[in-house]
Each structure stands twice: as structure tokens, then as C-alpha cells.
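Visitor: Working from the sequences, and respecting the hints, build out all of it.
For the record, the sequence lines run as chains Z and X.
Under this note's numbering, the final residue of the first sequence carries the number 477; numbering is consecutive throughout.
Under this note's numbering, the final residue of the second sequence carries the number 221; numbering is consecutive throughout.
Simulated from the structure, these hints should not be mistaken for laboratory data.
We put the beta carbon where it would ideally sit given N, CA and C, even for glycine.
Don't take each hint at face value.
DSSO-like mimics (lysine-lysine), calculated; alpha carbons at most 30 Å apart, straight line [stated by the list, open to error]:
hint	chain 1	residue 1	chain 2	residue 2
1	Z	6	Z	196
2	Z	112	Z	60
3	Z	301	X	210
4	Z	309	Z	254
5	Z	106	Z	60
6	X	204	X	151
7	Z	2	Z	54
8	Z	282	X	86
9	X	151	X	198
10	X	210	Z	265
11	Z	301	Z	415
12	X	210	X	151
13	Z	75	Z	254
14	Z	2	Z	196
15	X	210	Z	282
16	X	91	Z	254
17	Z	301	Z	254
18	X	198	Z	282
19	Z	60	Z	75
20	Z	301	Z	282
21	Z	265	X	86
22	Z	282	X	204
23	Z	245	Z	309
24	Z	301	Z	265
25	Z	265	X	91
26	Z	54	Z	75
27	Z	106	Z	39
28	Z	112	Z	32
29	Z	337	Z	309
30	X	86	Z	254
Pair ranges (Cβ atoms, derived) [what the hints assert, rightly or not]:
hint	chain 1	residue 1	chain 2	residue 2	range
31	X	211	Z	450	57 to 67 Å
32	X	184	Z	383	55 to 65 Å
33	Z	447	X	35	31 to 41 Å
34	X	35	Z	458	19 to 29 Å
35	Z	282	X	186	24 to 34 Å
36	Z	347	X	174	49 to 59 Å
37	X	35	Z	416	18 to 28 Å
38	X	117	Z	447	48 to 58 Å
Residues per chain are reported as follows:
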Amino acid sequence: MKLWQKIFLCTFLLVMAVVDLTAVLLVGNSHKLLVQREKDYAVSQQENLINSLKNELVFKRWREGRDLLGDVQIKEAVVQLLEDWSLEEGAAVFHAGAAVASANMKLNEDKKAFADALGESDAIRLQIVEQGDQYTLLTASTFVLENERFLFLTEGNVTRIYELRRSQFRFAIGMSIACSAAVSIVLLLMLHFLLKPLNRVNRTVDLIARGNYEERFTESGSCEFQALSENLNRMTIAIQLNIDKLEDAAEARKMFIANLAHEMKTPLTSILGFADVLRVKKSVGESERREYTNVIVEETKRLRALSSKLMELITMGSSVLDFQAADLFEVMRGAAKTLEPVYASRGIQLRCVPVHHRAHIDRELFESLLYNLLENAAKASHPGGSVAFFCRAYEGRAAIVVEDQGIGMTPEEVKNMFEPFYMADKSRSRKSGGAGLGLALCQEIAAAHNAQIFVSSRPGEGTAVTVALEERWETGR
Amino acid sequence: MIQILIVEDDSNIVRMLEAALSIVGYQSSVCLDGRSAVEAIQSGHFDLVLLDVMLPEMDGFQVIGQIDAADVPVIFLTARQEVSDKVRGLKLGAEDYMVKPFEAVELLARIEVVLRRVNRGSSVLRYENIVVNLDEHTVRQAEALVALTPKEFDVLVFFMQNLDVALTRERLLSHVWGYEFAGESRTVDIHVQQVRRKLHLQAKLITIPKLGYRLERADAQ
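Guide: Spelled out as C-alpha cells, the structure:
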């Protein structure tokens with residue numbers, strides 16, 4: 001069942017119940033009042049009749065000059081009076097269980113029994129008797145004339161009251177039907193108007209669910225719907241951002257794999273080609289053989305470098321870092337020592353400045369970071385040049401700097417240098433055995449340490465790479 | 001003499017291509033980037049261009065867009081093996097598309113096919129007293145016609161186009177029969193024996209253990 005149907009049904013039933021109940025109670029109450037008025041009227045009429053009867057008897061006594069009237073005279077007087085009154089409604093007088101006089105009244109046992117039940121008491125009895133579609137109000141009371149107790153019974157037709165009630169009920173039913181129709185129309189219009197924003201929100205949600213994350217809710221209805229729209233908008237923006245992020249990550253991964261495939265296939269092409277030439281050619285000269293095999297070895301080394309850097313990058317992503325307090329200078333010396341032969345073979349001087357500072361780092365990974373930076377500095381340096389390697393404060397943070405006076409980089413190259421497989425000078429980089437992954441690895445390690453790498457470089461003048469650690473620079477640590 | 005232009009930025013691959021092309025005696029020139037390649041193609045007379053797709057400055061697709069591919073046949077060399085790239089290359093007018101890495105002999109075979117298709121390869125091959133006319137599809141030895149089955153003819157032609165080059169059974173299979181299927185090397189052996197017998201090449205068409213066969217150059221000694 002839909003919400004609007006539920007609301008409609010509940011409200012409709014409630015309204016109709018209240019309306020009908022009110023109508024029933026009103027009609028019932030007014031009927032009761034009318035009945036009471038009839039009864040009061042009947043009682044007062046009877047009292048009037050009895051009083052005038054008594055007066056008549058006193059007058060009769062005085063006229064005839066007697067102290068007491070006899071039974072017969074009393075009965076005569078009563079009969080005479082009833083005739084004189086010519087009542088519209090029936091009346092009867094009983095004495096000692098027998099009717100003395102009656103007018104307009106059909107006497108039967110029921111009425112007599114009703115009157116007799118009064119007995120000797122002074123009370124007044126009232127009863128409404130239903131007979132077919134006629135309602136009769138019976139009123140009985142006693143009075144004493146000349147020491148004799150008489151019963152007085154009157155009846156009045158009250159059918160009109162009941163007819164009035166019936167017609168009022170009929171009117172109430174009619175009103176109720178008309179009211180229900182009106183209430184339904186008003187309710188339906190109201191619900192349609194009130195739930196319209198919900199439908200609009202629902203349509204937009206549906207569009208978003210189909211993948212149109214650019215859709216926005218523009219609800220201006222009641223404030224609940226506005227709040228709902230705002231929250232939904234916030235949710236949609238969050239979803240869109242997440243999806244964009246995922247798409248970017250997927251795109252980056254795709255690029256990485258495409259680049260990796262290219263970087264692997266290039267050396268493989270030379271290796272396979274030269275190996276095939278060596279295999280199929282009938283005679284290969286000594287110098288040719290040496291040239292071909294040299295290329296094969298060189299390219300195989302390139303593949304080896306690529307695979308080891310790749311492994312480092314992969315293990316970097318999954319390894320748990322082991323942070324320990326270490327003297328940065330010790331770590332720097334470790335990296336420098338590993339690269340000593342490389343620097344020596346190119347005639348480059350590595351100036352490692354002994355400044356001690358303690359920091360929390362993963363020693364192995366951090367040494368690998370420094371190793372990669374030093375290796376790049378060596379590749380960029382001219383033979384006979386020098387590389388400065390030192391520890392200092394950088395904007396209040398402990399930092400390590402690798403500064404060369406080599407070929408330098410253009411701003412464009414600096415911008416891309418951390419991209420995997422990016423090589424500023426492809427042929428040079430390949431000749432020196434680079435895979436294009438070293439700086440990407442450095443970036444990963446730095447990120448794991450919450451450290452940042454800053455690069456300043458000028459073509460022809462050299463490059464300074466600063467690794468700024470998370471920790472503050474404190475003199476004397 | 002066939003002139004081939006190599007457009008490739010990796011110096012080792014360039015050296016490998018030069019070495020491979022020299023096996024069958026093709027002359028080669030080299031361009032290291034796309035821009036100079038366009039100039040070279042427009043000014044020079046090359047019979048074929050080996051074009052790398054990923055080049056500095058201008059990629060291979062752009063290069064082929066700037067030259068008239070109908071003038072000079074182009075074979076793409078690329079590390080990208082997506083079908084869409086292949087279709088794009090062929091639509092731009094390339095004759096063939098080779099995915100790196102590849103064997104030197106496969107490259108030579110593809111070059112041969114392309115050259116023949118554009119009528120730049122010679123239609124008459126000679127070896128000692130054997131004359132093969134590719135157009136007529138005939139083989140004459142000492143002026144006498146020799147009857148060969150079509151497959152035997154293809155095998156002979158492939159050997160004559162690759163003098164002094166060792167051809168593996170797999171290479172022969174894929175070139176002559178058009179598929180690479182390791183289990184069928186017996187078929188190759190039977191056909192090579194037939195060629196050997198019919199043309200009396202027992203001393204020249206030699207078996208190289210664990211590799212394949214080689215037709216030795218006539219003036220090798």
C-alpha cells in the first residue's frame with residue numbers, strides 16, 4: 001500500500017468517525033430533550049386537569065350546598081368534566097380498579113395494568129408505548145376526591161418526535177455521505193500537493209541511481225524536504241567524489257601497466273632480436289658477436305633493474321613500517337657507503353656533512369629513499385662534479401638535502417619527475433640503467449613517513465632535493 | 001638494392017634492426033624521431049619504412065598521417081598490442097603491424113611479403129643453376145622445369161629469400177602454412193626433404209640440429 005493511500009485511508013476514517021459520532025450524539029440528545037419536554041408537558045397538563053377537577057367539585061359542592069359529594073355525584077362530575085374538556089388526547093379516570101370515565105381512549109388491559117401498578121402512591125408514572133409506527137406517551141397519577149382515591153390516566157401521541165428523530169438521522173446520513181465526498185477530494189488534493197516534492201526527490205534519486213551523478217536536488221518545498229534534498233546532495237557529491245577518485249586510480253593503474261608493458265617490451269625487443277640474429281645467421285664476426293651480446297647483457301640488466309624496482313614498489317605498498325629512533329647522519333652514511341663505487345667510477349665527489357639529528361624513521365626504507373636520490377644526483381652530475389648531502393632545518397622541520405651541480409631540469413620535468421616511468425632524458429636514463437621508477441618509490445616512502453619532497457632545479461645549474469620529515473628540527477638532538 | 005628506413009628512438013632496437021636487415025642485404029637508414037622521419041620519407045626514396053608508434057615529438061600515427069602511405073609501404077613496430085591500435089594503424093594505410101618483441105626472421109619474412117605485394121621485391125630469384133619465377137610460379141633447374149607442389153614451391157622460395165639464414169621449423173610452418181603449431185613439424189621435414197631431392201640440394205640445404213634448416217649461399221666457400 002502506498003503512503004498516500006495509507007494517509008488518505010487513516011485520515012478519512014478518522015474524520016468520518018468523528019463526524020458521524022457527533023451527528024448521532026446530537027440527534028440522540030435533542031430527541032431525549034424533546035421526550036423530556038413531552039413528559040413534563042404531560043405531567044403539568046395532568047396536574048392542571050386534576051386541579052380543575054378538584055375546583056369543579058368544590059364549586060359543585062357549594063352549588064348543591066353539601067359538605068360531601070357521593071360516589072355517584074363524583075363520577076358524574078368526572079364524566080361531565082372529561083366531556084367538557086373535550087381533550088385532544090385520550091384520558092381516563094379509574095376508581096377502585098374500574099374505569100369511571102374515559103374520553104378518546106381505547107381502554108385495554110395493558111393500560112389498566114399500567115395505571116393499577118401505581119397503587120396508593122402519589123407518584124406519577126410515565127411510559128412511552130410503541131404500537132406499530134405509533135408512539136404513545138402514557139401518564140398515570142393518583143388524586144384524592146372526597147377521601148376516595150382516583151387514578152388518572154392520560155395518553156398523548158408522541159410519534160412526531162420519533163419521526164423527527166428518524167428524519168434527522170436520514171439528514172445526518174446524507175450529510176455524512178456529502179461530507180465524505182468533500183473530505184476525500186480535499187484530502188486527495190492535499191496529499192497530492194504535499195507529497196509532490198517526495199515524487200520529485202524520488203525521480204532525482206532514480207536518475208542518480210542510474211549513474212547520473214551530476215544530478216542535483218533542487219527542492220524548495222517544506223523545510224523537511226529541503227533538508228532531505230540538502231543531505232541527498234551532500235551524499236551525491238560524496239559518491240561522485242569517490243567515484244572520480246576510483247576512476248582516477250583505475251586510470252593511473254592502467255597507465256602504469258601500459259607504461260610497464262612498454263618498458264618491459266623495449267629491452268625484450270633488442271634481446272629477442274639480437275638473440276635471433278645470432279641464432280640464425282650462418283657466420284657472425286667477432287666484433288659483431290661482441291656488439292650483439294653486449295646489447296643483450298645491457299638490456300637484460302635493464303630488465304633486472306626494472307623488476308627489482310618494481311618489487312620494491314610492490315612490497316612498499318604492502319609492508320608494515322618499523323619506526324625507530326635513528327640518527328639521520330648514520331642513515332645518510334649508510335646510503336652514501338652503498339653508492340661509493342658508483343660515485344668513484346664517475347669521478348664525482350660526495351660531500352656528506354656530519355650533522356647529527358635523531359628522528360623516528362623506518363631505517364631500511366629511508367635508506368632506500370636516500371639511495372635513490374643519491375643515485376639520481378650521480379646520474380645528473382657531470383664527471384668530476386660534486387654532490388652535497390646534508391641534514392638541516394626546513395621550515396622548522398628536520399630535513400635531508402641532496403644537492404648536485406649537474407644538468408638540472410626544466411619546470412615541466414620537475415612537475416612530472418615523480419610519475420612512474422617518467423624519464424626526463426630517456427636515452428640517457430636508459431644508458432645509465434634507469435627504469436623510471438626510482439622517484440616514484442621515493443615518493444611512496446616519503447608518504448609513508450608523512451614526509452614531503454621538495455625539488456628546486458634549474459637547467460644547467462643543478463638540482464636540490466629536500467626531504468622534509470614530520471619531526472621538528474631541534475638543535476642538540 | 002632495397003632501401004629501408006628505420007624510425008625508432010631506442011638505440012639498441014635500432015642496432016638490432018640494422019643487424020637483422022643486413023642479414024638479407026637490405027640497406028637501412030635511421031631516424032630517431034617522428035619529425036625527421038617525415039622529412040626523410042618526403043625527400044628520400046625508400047622501399048619500405050619500419051615505424052615505431054611511440055616516438056618523441058610526433059608519434060607513428062601522426063607520421064603516417066603526414067606522408068602519403070600509398071607511396072611507400074609502412075610496417076608499424078609497437079609495444080602496444082591492443083586490437084584497436086592495430087586497426088587504427090592499418091586504417092591509416094600501414095601494410096603490416098608487428099608487436100614487440102619479435103624474432104628477426106619474422107620481421108624479414110613480413111618485410112618480404114610486403115615488398116612483394118607492392119612489387120618492389122624481385123619476381124625472379126636465382127640460386128646457382130636454379131631460377132624461380134614468382135609471377136609464373138615456375139622453377140627451372142638448368143633450363144629444365146622442375147615440378148613442385150605449391151607448398152614445396154613456397155618452402156623453396158622462403159629458403160632462397162633467406163640465404164644463409166637458419167630457419168626454424170616453427171618459422172617455416174607459420175610462413176608457409178600460415179599457422180604456428182608445434183606438433184606439425186614432421187610436415188616441414190617431409191617438404192624440405194622433397195625440395196632437397198627434387199632440386200639436388202642435399203649438400204646446400206643443410207639440417208642444423210635442434211634448430212631447423214639453412215640454405216647456404218652458393219659462393220660461401
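Visitor: Evaluate each hint against the coordinates.
Guide: Structure-based check of each hint:
1. For the hint pairing residue 6 (chain Z) with residue 196 (chain Z), the CA-to-CA distance comes to about 16 Å; that is within 30 Å, so the pair holds.
2. For the hint pairing residue 112 (chain Z) with residue 60 (chain Z), the CA-to-CA distance comes to about 29 Å; that is within 30 Å, so the pair holds.
3. At most 30 Å may separate the alpha-carbon atoms for a hinted pair to count; residue 301 (chain Z) and residue 210 (chain X) meet this at roughly 28 Å.
4. For the hint linking residue 309 (chain Z) to residue 254 (chain Z), the alpha-carbon distance of about 18 Å falls within 30 Å, and the restraint holds.
5. In summary, the hint linking residue 106 (chain Z) to residue 60 (chain Z) is supported, as the alpha carbons are separated by about 29 Å, within the 30 Å threshold.
6. Between the alpha carbons of residue 204 (chain X) and residue 151 (chain X) the distance comes to roughly 20 Å, so the proposed pair stays at or under 30 Å and holds.
7. Of the pairs offered as hints, the one joining residue 2 (chain Z) and residue 54 (chain Z) is violated, with about 77 Å between alpha carbons and a cut-off of 30 Å exceeded.
8. For the given pair, residue 282 (chain Z) sits about 34 Å from residue 86 (chain X) by alpha-carbon distance, which is inconsistent with the 30 Å threshold.
9. Proposed proximity of residue 151 (chain X) and residue 198 (chain X) is supported: the alpha carbons are some 14 Å apart, at most 30 Å.
10. With a C-alpha separation of about 27 Å, the suggested pairing of residue 210 (chain X) with residue 265 (chain Z) holds against the 30 Å cut-off.
11. Simply put, residue 301 (chain Z) and residue 415 (chain Z) have alpha-carbon atoms about 28 Å apart, close enough for the 30 Å limit, and the pair holds.
12. Restraint check for residue 210 (chain X) and residue 151 (chain X): the C-alpha separation of about 23 Å stays at or below 30 Å, so the hint holds.
13. Only pairs whose Cα atoms come within 30 Å are accepted, and residue 75 (chain Z) paired with residue 254 (chain Z) is rejected, the gap being roughly 127 Å.
14. Our distance criterion of 30 Å between C-alpha atoms is met by residue 2 (chain Z) and residue 196 (chain Z), whose separation comes to about 14 Å.
15. Annotation: proposed proximity of residue 210 (chain X) to residue 282 (chain Z) holds, straight-line Cα distance about 15 Å (limit 30 Å).
16. Our distance criterion of 30 Å between C-alpha atoms is met by residue 91 (chain X) and residue 254 (chain Z), whose separation comes to about 25 Å.
17. For the suggested pair residue 301 (chain Z) and residue 254 (chain Z), the alpha carbons sit about 25 Å apart, so the restraint of at most 30 Å is met.
18. Restraint check for residue 198 (chain X) and residue 282 (chain Z): satisfied, since their Cα atoms lie roughly 24 Å apart, inside the 30 Å limit.
19. Restraint check: the Cα-Cα separation between residue 60 (chain Z) and residue 75 (chain Z) comes to about 12 Å, which is no more than 30 Å; the hinted pair holds.
20. For a cut-off of 30 Å, the pair hint linking residue 301 (chain Z) to residue 282 (chain Z) stands: about 27 Å separates their Cα positions.
21. Restraint check: the Cα-Cα separation between residue 265 (chain Z) and residue 86 (chain X) comes to about 17 Å, which is no more than 30 Å; the hinted pair holds.
22. Distance check on the hinted pair: residue 282 (chain Z) and residue 204 (chain X) sit about 13 Å apart at the alpha-carbon level, within 30 Å; holds.
23. Restraint check for residue 245 (chain Z) and residue 309 (chain Z): satisfied, since their Cα atoms lie roughly 26 Å apart, inside the 30 Å limit.
24. With a C-alpha separation of about 14 Å, the suggested pair residue 301 (chain Z) and residue 265 (chain Z) falls inside the 30 Å cut-off, and the hint holds.
25. For the suggested pair residue 265 (chain Z) and residue 91 (chain X), the alpha carbons sit about 24 Å apart, so the restraint of at most 30 Å is met.
26. Pair hint residue 54 (chain Z) plus residue 75 (chain Z) holds up; C-alpha atoms about 12 Å apart against a cutoff of 30 Å.
27. Between residue 106 (chain Z) and residue 39 (chain Z) the CA atoms are separated by roughly 21 Å; this keeps the pair inside 30 Å, and the hint holds.
28. Our distance criterion of 30 Å between C-alpha atoms is met by residue 112 (chain Z) and residue 32 (chain Z), whose separation comes to about 27 Å.
29. At roughly 20 Å between alpha-carbon atoms, residue 337 (chain Z) and residue 309 (chain Z) fall within 30 Å of each other, so this suggested pair holds.
30. Straight-line distance between C-alpha atoms of residue 86 (chain X) and residue 254 (chain Z) comes to about 19 Å, which keeps the hinted pair within the 30 Å bound.
31. A C-beta distance of roughly 58 Å is found between residue 211 (chain X) and residue 450 (chain Z), which places it inside the suggested range of 57 to 67 Å.
32. Between residue 184 (chain X) and residue 383 (chain Z) the C-beta distance comes to about 57 Å, which sits within the given range of 55 to 65 Å.
33. For residue 447 (chain Z) paired with residue 35 (chain X), a C-beta distance near 39 Å keeps the hint of 31 to 41 Å intact.
34. Between residue 35 (chain X) and residue 458 (chain Z) the Cβ separation comes to about 27 Å, which falls inside the hinted range of 19 to 29 Å.
35. The given range of 24 to 34 Å is respected by residue 282 (chain Z) and residue 186 (chain X), whose C-beta atoms sit roughly 25 Å from each other.
36. A C-beta distance of roughly 51 Å is found between residue 347 (chain Z) and residue 174 (chain X), which places it inside the suggested range of 49 to 59 Å.
37. One distance hint, 18 to 28 Å for the beta-carbon pair residue 35 (chain X) and residue 416 (chain Z), holds here, with the actual separation near 22 Å.
38. Restraint check, residue 117 (chain X) to residue 447 (chain Z): a C-beta distance of roughly 55 Å satisfies the suggested window 48 to 58 Å.
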